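Undergrad: One line per chain: the protein sequences are Z and H, in this order.
Counted from 1, the first sequence has number 79 at position 79 by the UniProt record's numbering; the numbering is strictly sequential.
Counted from 1, the second sequence has number 44 at position 44 by the UniProt record's numbering; the numbering is strictly sequential.
Worth flagging that the hints you see were computed from the coordinates, not collected in a lab.
Any given hint could be a false lead.
Straight-line Cα separation of at most 30 Å, DSSO-like style, residue types lysine-lysine; simulated pairs [what the hints assert, rightly or not]:
#1 LYS159/Z with LYS99/H
#2 LYS91/Z with LYS78/H
#3 LYS159/Z with LYS135/Z
#4 LYS99/Z with LYS133/H
#5 LYS90/Z with LYS17/Z
#6 LYS78/H with LYS159/H
For the chain H half of the interface with chain Z, some residues (derived, Cβ under 10 Å), not all of them [said to hold, decoys possible]:
#7 GLY24
#8 VAL26
#9 GLU41
#10 CYS71
#11 GLY134
#12 MET137
#13 VAL138
#14 TYR142
#15 ILE149
#16 LEU172
Not close to chain H: a few residues of chain Z, all C-beta gaps over 10 Å, as computed [claimed, not checked]:
#17 ARG3
#18 GLN35
#19 CYS71
#20 LYS82
#21 GLY125
#22 ILE149
Because the structure is a prediction, the values reported are computed rather than measured.
Built from N, CA and C at the ideal position, the CB exists for glycine as well.
Protein chains: 2
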Amino acid sequence: MDRSAEFRRWKAQCLSKADLSRKGSVDEDVVELVQLLNGREQFFTTSSCAGRIILLDRGINGSEVQKQNCCWLLVTHKPCVKDDVIVALKKANGDAILKFEPLVLHVQCRQLQDAQILAVRSTHGLEVPLTHKGKLMVTEEYINFLIKIANQKMEENKKRIERFYNCLQHALEKETISMTSYPKEKIKEKNNSSYTHKKKRNPEKACGKYITEENNKELENDDHDDPGISVTIFPEDY
Amino acid sequence: MDRSAEFRRWKAQCLSKADLSRKGSVDEDVVELVQLLNGREQFFTTSSCAGRIILLDRGINGSEVQKQNCCWLLVTHKPCVKDDVIVALKKANGDAILKFEPLVLHVQCRQLQDAQILAVRSTHGLEVPLTHKGKLMVTEEYINFLIKIANQKMEENKKRIERFYNCLQHALEKETISMTSYPKEKIKEKNNSSYTHKKKRNPEKACGKYITEENNKELENDDHDDPGISVTIFPEDY
């Protein structure tokens, strides 16, 4: 079986499908990153979120609210405004929670080695209960304070996406050069060594340390002879 | 090179080292899970946390507070009491945050295939800013409300650890039986198929869907010819 050809066919099939997300399109802040990955034959993305601030209402009665007993009062991929949150909170009749969720990217890789270049750190966010059975549990001053924090995280997240894009682009370029002069085993060693040393020299500026490969059953097709592996990228800790 | 022997040697070396965590021992609620994994030749754990409620103080001045500009005002692996939180909050002079962190387990695997049995879902927690420059931003009633939520998450997390233990034990037993009657490729297919079908039949009760393998540079030794791979287990979403 030619795995490369099969991966190519699978990629084409997935990318030709309609975007089934609520929004129906890729978030502006990750368009370049998604294009960079999809432009390389060894990768394709299956889902992405640039990062968002959401206000959820978790209902007491499952039939009253949408999607797993939970409805979205507010979603924004941009810094949010206090008044929007205050207005949205008035619609809460259950337990409303404000969340910040950073970048998430699901990437399918042709083979294990292709996942070596992807820099990953653990998730980080904000998750604050605000109402209980529709009753606001905090002051407006606190909401203001909270929104400032969420917006700061959003800004920081955006910077990290840019940094990640630059690191990835650099790693992909380096890999292309390496491919022409090193046998496969050597490339892996070289990449590992490069990241390890980078981290030791300047841990703050290292592109990342974790590499995650997932057999994500939700994103996989039903074919057990799966022609690739799945990578989930989480941004660095704050 | 005999990879199995090398992995065995590496495992023995890691497990013989002193526990360098703040606590210095494995959390009570994951002792059985850690023992189950370490008792199998294809795995060993490098770090674990059963789940905890922590109160952090993030200082404005880096020199005033410990460990990355952040000090721990309270840590508990058991449900926590309001008065303890109130007392601890009085010590805050920066931005205090209450967090719930669910089970985290780092597992080294001998080979890629060994990671197939590990059920993984994304992280989930609670992260609530409570003070700003030492000033309390919420009411005592809210703190009470929040502690109830954190304690509920702690309880739910404990149930999930038990469920994960049972699923893992079941999968390991099944694998041992399969190993004697199927060639390697077949085992992998069989496991995948079993998980996928289970999920479709009863998504609520499925053991898990995600399998994560990490090249965790912090946990790895410096040997580039690494005799294993690393798996990070996160509990299911709430």
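Undergrad: Each hint needs a verdict: does it hold in this structure or not?
TA: The hints, checked one at a time:
| no. | hint | verdict |
| --- | --- | --- |
| 1 | LYS159/Z with LYS99/H | holds (25 Å) |
| 2 | LYS91/Z with LYS78/H | violated (35 Å) |
| 3 | LYS159/Z with LYS135/Z | violated (36 Å) |
| 4 | LYS99/Z with LYS133/H | holds (22 Å) |
| 5 | LYS90/Z with LYS17/Z | violated (38 Å) |
| 6 | LYS78/H with LYS159/H | holds (13 Å) |
| 7 | GLY24 | violated (23 Å) |
| 8 | VAL26 | violated (20 Å) |
| 9 | GLU41 | violated (22 Å) |
| 10 | CYS71 | violated (17 Å) |
| 11 | GLY134 | violated (14 Å) |
| 12 | MET137 | holds (5 Å) |
| 13 | VAL138 | holds (6 Å) |
| 14 | TYR142 | holds (5 Å) |
| 15 | ILE149 | holds (6 Å) |
| 16 | LEU172 | violated (17 Å) |
| 17 | ARG3 | holds (14 Å) |
| 18 | GLN35 | holds (25 Å) |
| 19 | CYS71 | holds (16 Å) |
| 20 | LYS82 | holds (15 Å) |
| 21 | GLY125 | violated (6 Å) |
| 22 | ILE149 | violated (6 Å) |
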